[in-house]
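S.K.: Given the sequences, and given the hints that come with them, work out the whole structure.
Chains as they are written, first to last, in the working numbering: chain A, 1 to 722; chain B, 1 to 155.
One or more of the hints may lead you astray.
Claimed, not checked - With a straight-line cut-off of 27 Å between C-alpha atoms, the simulated DSSO-like cross-links for lysine-lysine are:
#1 Lys-359(A) to Lys-256(A)
#2 Lys-359(A) to Lys-247(A)
#3 Lys-92(A) to Lys-202(A)
#4 Lys-92(A) to Lys-87(B)
#5 Lys-87(B) to Lys-670(A)
#6 Lys-416(A) to Lys-103(A)
#7 Lys-555(A) to Lys-195(A)
#8 Lys-87(B) to Lys-202(A)
#9 Lys-606(A) to Lys-121(B)
#10 Lys-202(A) to Lys-151(B)
#11 Lys-670(A) to Lys-148(B)
#12 Lys-87(B) to Lys-199(A)
#13 Lys-317(A) to Lys-331(A)
#14 Lys-715(A) to Lys-148(B)
#15 Lys-670(A) to Lys-565(A)
#16 Lys-121(B) to Lys-670(A)
#17 Lys-202(A) to Lys-148(B)
#18 Lys-69(B) to Lys-87(B)
#19 Lys-648(A) to Lys-241(A)
#20 Lys-565(A) to Lys-199(A)
#21 Lys-148(B) to Lys-601(A)
#22 Lys-179(A) to Lys-103(A)
Claimed, not checked - Short, incomplete list of chain A residues facing chain B, as computed with Cβ under 10 Å:
#23 Thr-209
#24 Met-211
#25 Trp-272
#26 Lys-275
#27 Ser-633
#28 Thr-638
#29 Trp-642
#30 Glu-653
#31 Asn-656
#32 Phe-657
#33 Val-671
#34 Leu-675
Hint data in this document are derived by calculation from the structure and do not stem from the laboratory. Ideal Cβ placement from N, Cα and C applies to all residues, glycine included.
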Amino acid sequence: MKTRFARKFEPARRKFLKQSVAIGGGLSVGFNFPGALAQKAGAAVEINAWVVIRPDDAIIIRYARSEMGQGSMTSAPMLVAEELECDWRRVKIEYASANASVKRKRVWGDMAAVGSRTIRNSQEYLRKAGATAREMLIAAAAQEWRVPASECSAQNSFITHGAGGRRVSFGKVADAAAKLEPPKDVKLKDPKDWKLIGKSVKRFDIPDTVMGRQRYGIDVQLPGMLYAAIAQCPVFGGKVKSMDASKVEGRRGIVKVVPLETFVAVVADNWWRAKEALRDVHIEWDVGANGNVSSASLMEFYKGGLDAQTDVATARKDGDFDQAFASAARKIEAEYYTPYLAHACLEPMGCTAIVKDGKVDVWTSTQSAEASLANAAAVAGVPLENVEVHRVQVGGGFGRRGGAQDFVRQGVAIAKAMEGTPVKMLWTREEDTQHDFYRPASLIRLKAGLDAQGSPIAWYSRVSATSIIATLPRLPLKDGVDPQAVASLNDLPHAIPNVRIEYAQRNTHVPVGFWRTVGHSQNPFVRESFMDELAGAAGKDPYEYRRALLAKSPKDLGVLEATAKAAGWGKPLPAGAFRGIAQTEAYGSYTSAVAELSVDKNGEVKIHRLVLGLDPGYVVNPDNVVAQMQGSSVFMLTAMFWGEITIKDGLVEQSNFHDYRMMRLREMPKVEVVLAPSGGFWGGVGEPGQASIAPAVCNAIFAATGKRIRSLPLKNHGLTLA
Amino acid sequence: MIELTVNGRKHSVDVEPEMPLLWVLRDVLDVKGPKFGCGIAQCGACTVHLNGEPVRSCSVPVSAAANQKVLTIEGLAQRGQLHPVQKAWIDHEVPQCGYCQSGQIMAAVALLAKNRDPSDKDIDAAMTNICRCGTYARIRTAIHAAAKTLKSTKA
Numbered sequence: 001m002k003t004r005f006a007r008k009f010e011p012a013r014r015k016f017l018k019q020s021v022a023i024g025g026g027l028s029v030g031f032n033f034p035g036a037l038a039q040k041a042g043a044a045v046e047i048n049a050w051v052v053i054r055p056d057d058a059i060i061i062r063y064a065r066s067e068m069g070q071g072s073m074t075s076a077p078m079l080v081a082e083e084l085e086c087d088w089r090r091v092k093i094e095y096a097s098a099n100a101s102v103k104r105k106r107v108w109g110d111m112a113a114v115g116s117r118t119i120r121n122s123q124e125y126l127r128k129a130g131a132t133a134r135e136m137l138i139a140a141a142a143q144e145w146r147v148p149a150s151e152c153s154a155q156n157s158f159i160t161h162g163a164g165g166r167r168v169s170f171g172k173v174a175d176a177a178a179k180l181e182p183p184k185d186v187k188l189k190d191p192k193d194w195k196l197i198g199k200s201v202k203r204f205d206i207p208d209t210v211m212g213r214q215r216y217g218i219d220v221q222l223p224g225m226l227y228a229a230i231a232q233c234p235v236f237g238g239k240v241k242s243m244d245a246s247k248v249e250g251r252r253g254i255v256k257v258v259p260l261e262t263f264v265a266v267v268a269d270n271w272w273r274a275k276e277a278l279r280d281v282h283i284e285w286d287v288g289a290n291g292n293v294s295s296a297s298l299m300e301f302y303k304g305g306l307d308a309q310t311d312v313a314t315a316r317k318d319g320d321f322d323q324a325f326a327s328a329a330r331k332i333e334a335e336y337y338t339p340y341l342a343h344a345c346l347e348p349m350g351c352t353a354i355v356k357d358g359k360v361d362v363w364t365s366t367q368s369a370e371a372s373l374a375n376a377a378a379v380a381g382v383p384l385e386n387v388e389v390h391r392v393q394v395g396g397g398f399g400r401r402g403g404a405q406d407f408v409r410q411g412v413a414i415a416k417a418m419e420g421t422p423v424k425m426l427w428t429r430e431e432d433t434q435h436d437f438y439r440p441a442s443l444i445r446l447k448a449g450l451d452a453q454g455s456p457i458a459w460y461s462r463v464s465a466t467s468i469i470a471t472l473p474r475l476p477l478k479d480g481v482d483p484q485a486v487a488s489l490n491d492l493p494h495a496i497p498n499v500r501i502e503y504a505q506r507n508t509h510v511p512v513g514f515w516r517t518v519g520h521s522q523n524p525f526v527r528e529s530f531m532d533e534l535a536g537a538a539g540k541d542p543y544e545y546r547r548a549l550l551a552k553s554p555k556d557l558g559v560l561e562a563t564a565k566a567a568g569w570g571k572p573l574p575a576g577a578f579r580g581i582a583q584t585e586a587y588g589s590y591t592s593a594v595a596e597l598s599v600d601k602n603g604e605v606k607i608h609r610l611v612l613g614l615d616p617g618y619v620v621n622p623d624n625v626v627a628q629m630q631g632s633s634v635f636m637l638t639a640m641f642w643g644e645i646t647i648k649d650g651l652v653e654q655s656n657f658h659d660y661r662m663m664r665l666r667e668m669p670k671v672e673v674v675l676a677p678s679g680g681f682w683g684g685v686g687e688p689g690q691a692s693i694a695p696a697v698c699n700a701i702f703a704a705t706g707k708r709i710r711s712l713p714l715k716n717h718g719l720t721l722a
Numbered sequence: 001m002i003e004l005t006v007n008g009r010k011h012s013v014d015v016e017p018e019m020p021l022l023w024v025l026r027d028v029l030d031v032k033g034p035k036f037g038c039g040i041a042q043c044g045a046c047t048v049h050l051n052g053e054p055v056r057s058c059s060v061p062v063s064a065a066a067n068q069k070v071l072t073i074e075g076l077a078q079r080g081q082l083h084p085v086q087k088a089w090i091d092h093e094v095p096q097c098g099y100c101q102s103g104q105i106m107a108a109v110a111l112l113a114k115n116r117d118p119s120d121k122d123i124d125a126a127m128t129n130i131c132r133c134g135t136y137a138r139i140r141t142a143i144h145a146a147a148k149t150l151k152s153t154k155a
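M.R.: Dropping the structure here:
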């Protein structure tokens with residue numbers, strides 16, 4: 001279809017096919033039609049789904065997942081380029097098309113940027129794609145030279161023949177290479193031979209961002225486009241009972257008021273007019289059965305889960321907890337609570353769509369173009385291959401824009417009601433805060449028994465929380481356990497002989513979803529704070545206590561030791577300063593944190609240093625990993641000091657940044673990142689950074705004040721971040 | 001009709017005087033650099049300069065910009081040369097998702113226009129925009145770097 005993007009960039013596209021032109025994230029919007037490239041003789045040649053080479057030696061590497069600031073749009077292509085042996089300076093990155101993915105039988109695999117998966121789950125096929133293309137280019141050159149391919153090698157976008165010293169660029173042999181049968185089995189480089197992986201490279205999307213040229217879902221502009229603002233039933237699950245739009249009829253710019261099942265949309269000639277008019281549309285809601293639910297009633301419900309004898313699943317059982325606990329020299333028990341949290345992506349939810357002639361075009365900031373496409377197809381009632389989800393930069397994702405896709409269903413439903421006209425639907429911040437899929441609240445009871453030496457011989461945890469898996473993707477739980485709900489408890493790595501971990505699934509009407517780091521954003525706070533309680537009861541140093549219990553878990557131990565060393569654990573501190581330490585695995589990576597802080601009499605917590613350790617196995621783009629760790633610090637400090645979504649009369653009490661507080665620059669502590677990649681495995685990066693922070697900070701607060709924090713956020717304990 | 005100058009170009013817009021400047025820029029003039037984040041002047045993603053002063057355009061009625069000069073991120077580069085703040089932002093790889101960054105950059109440019117050598121405290125006071133990805137440490141570093149560049153070009 002013709003869009004303003006496509007039109008605007010049409011000359012660029014022709015140029016793109018003929019000669020060199022820089023591709024930014026924004027520029028690639030609207031013309032991602034892989035396959036078309038390969039068909040143009042003398043133009044760019046597709047060697048395989050990931051690698052396209054132009055005669056002028058520009059290398060186009062496709063990126064299938066989304067870019068939302070995590071940097072994978074740059075680091076994933078690095079993996080291809082490493083094996084391809086191309087000149088990184090001539091690499092351009094292009095989004096793979098979700099529509100082409102349908103037609104080409106998911107040739108790019110999973111396109112979702114969720115669960116810190118992009119590198120760890122695609123590294124093998126991306127490296128193989130690069131290696132396969134390299135071998136085909138070498139074979140093509142060898143054929144032309146009539147020499148064995150084994151005598152040729154590739155480097156820096158050139159193939160050379162060892163004996164004769166002949167040399168040809170990738171671009172010259174790309175056409176011939178594309179016609180060859182891809183080799184079935186390619187050998188990947190030994191990590192010690194990597195030239196690109198492990199070096200800090202500049203992210204591709206940053207220049208466009210800095211020049212104001214980056215295009216997010218909210219920025220799409222189409223000819224004849226209208227704008228929609230929506231009001232959803234304030235109580236989750238409620239419906240529109242009746243609507244009176246007479247007050248806005250005939251008002252300037254107002255085109256249509258569309259009542260749908262769970263929301264009302266005002267469509268106008270600009271978004272502000274739509275939003276203003278919506279306030280004057282009188283809507284009566286049928287809130288259903290949940291109009292009396294409050295945070296207090298939810299807490300009672302979760303408490304019931306802790307005491308229940310039925311509807312409880314066992315997530316892990318080692319030895320006999322009851323017997324060991326009964327015989328323990330010392331018994332410690334505690335309850336911990338972590339609240340609901342909103343994602344608060346800075347770009348509010350939105351979706352632009354046009355439904356026309358049985359086809360749907362969607363522009364939306366999404367973490368999963370495939371999920372957006374499937375939802376758009378379902379709502380419009382068209383086959384998958386009739387939908388395109390145009391790729392844009394995502395203005396923050398953090399899990400909100402993955403599986404739920406509520407905004408795409410709404411956007412397409414509105415576009416369907418306005419068939420033939422493109423409509424840009426955008427939420428207000430208030431809608432965004434009050435209609436999220438929240439990080440679940442979780443109430444956890446812990447018990448531990450220590451032997452006479454203070455070592456734990458028995459550990460029990462029961463988690464009472466809503467299941468994301470059962471309520472969002474609505475998948476059956478294996479053995480009744482939601483792995484996210486018990487994360488970092490069911491895989492407790494410590495040498496404790498008797499362990500029982502239980503899960504009481506307690507689902508409520510409050511929608512829950514994947515919030516950056518998910519279960520690992522809350523359970524390590526519980527586990528590692530309680531571990532400090534045990535160390536305290538045993539009269540042991542919290543670092544040494546953990547070391548002893550992790551002696552047989554080398555990766556956990558390794559990052560703990562590296563972080564403690566960098567933080568100077570055990571060394572004297574300035575007067576009034578105290579340390580706390582924590583450690584956990586998360587998303588296949590190993591993390592640790594040491595916080596150094598002081599607390600004044602007004603409850604102001606001054607964090608002097610936050611040392612964050614990470615062992616992700618391999619580090620692809622080190623500076624980007626550091627950025628993710630810095631960002632994780634802000635995300636977690638925001639959550640642990642202020643983050644709390646509360647419910648009253650069935651709806652969310654917070655509405656915008658004045659009452660759902662975000663950390664500001666002036667509160668940013670000094671963060672020191674310790675990258676300790678030990679090799680041999682691939683762990684995630686976008687989420688693990690958060691996991692160890694809250695317990696390290698709370699353990700330091702305990703060291704400073706003697707006050708054990710067993711619930712978040714800290715504002716409820718009279719503490720704030722200085 | 002309300003007349004205003006955006007990035008050196010004069011425009012006449014036929015809109016309600018209370019329509020926020022942000023939405024006139026974005027939906028009427030197709031200037032998409034300034035972003036919508038909160039609508040209540042909390043986050044600063046919509047920051048533009050009004051006669052050189054940083055303002056949160058989501059909360060400024062367009063009537064307040066009548067016959068005034070508006071500068072957005074799109075107008076920052078001069079004769080193809082990036083502003084030293086933009087250059088520092090690239091050198092230090094500041095943005096993550098980048099959604100807040102046009103506002104952050106406009107706030108930083110306004111700070112440096114008034115204060116060529118801001119201290120950390122000055123930066124704390126001036127840079128109140130929200131970055132959900134958490135790029136604050138790099139924003140600080142980049143502002144100091146840009147200040148150095150500005151000082152050396154002036155000298």
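S.K.: Each of the hints needs a verdict: does it hold here or not?
M.R.: Status of each hint after checking the structure:
no. : hint                     : result
1   : Lys-359(A) to Lys-256(A) : holds (22 Å)
2   : Lys-359(A) to Lys-247(A) : violated (35 Å)
3   : Lys-92(A) to Lys-202(A)  : holds (13 Å)
4   : Lys-92(A) to Lys-87(B)   : holds (21 Å)
5   : Lys-87(B) to Lys-670(A)  : holds (24 Å)
6   : Lys-416(A) to Lys-103(A) : holds (24 Å)
7   : Lys-555(A) to Lys-195(A) : holds (26 Å)
8   : Lys-87(B) to Lys-202(A)  : holds (13 Å)
9   : Lys-606(A) to Lys-121(B) : holds (15 Å)
10  : Lys-202(A) to Lys-151(B) : holds (26 Å)
11  : Lys-670(A) to Lys-148(B) : holds (22 Å)
12  : Lys-87(B) to Lys-199(A)  : holds (22 Å)
13  : Lys-317(A) to Lys-331(A) : holds (19 Å)
14  : Lys-715(A) to Lys-148(B) : violated (38 Å)
15  : Lys-670(A) to Lys-565(A) : holds (17 Å)
16  : Lys-121(B) to Lys-670(A) : holds (15 Å)
17  : Lys-202(A) to Lys-148(B) : holds (22 Å)
18  : Lys-69(B) to Lys-87(B)   : holds (24 Å)
19  : Lys-648(A) to Lys-241(A) : holds (21 Å)
20  : Lys-565(A) to Lys-199(A) : holds (24 Å)
21  : Lys-148(B) to Lys-601(A) : violated (39 Å)
22  : Lys-179(A) to Lys-103(A) : holds (21 Å)
23  : Thr-209                  : holds (3 Å)
24  : Met-211                  : holds (7 Å)
25  : Trp-272                  : holds (4 Å)
26  : Lys-275                  : holds (8 Å)
27  : Ser-633                  : holds (6 Å)
28  : Thr-638                  : holds (8 Å)
29  : Trp-642                  : violated (12 Å)
30  : Glu-653                  : violated (16 Å)
31  : Asn-656                  : holds (6 Å)
32  : Phe-657                  : holds (4 Å)
33  : Val-671                  : holds (6 Å)
34  : Leu-675                  : violated (16 Å)
Violated hints, in rising order: 2, 14, 21, 29, 30 and 34; the structure is consistent with all others.
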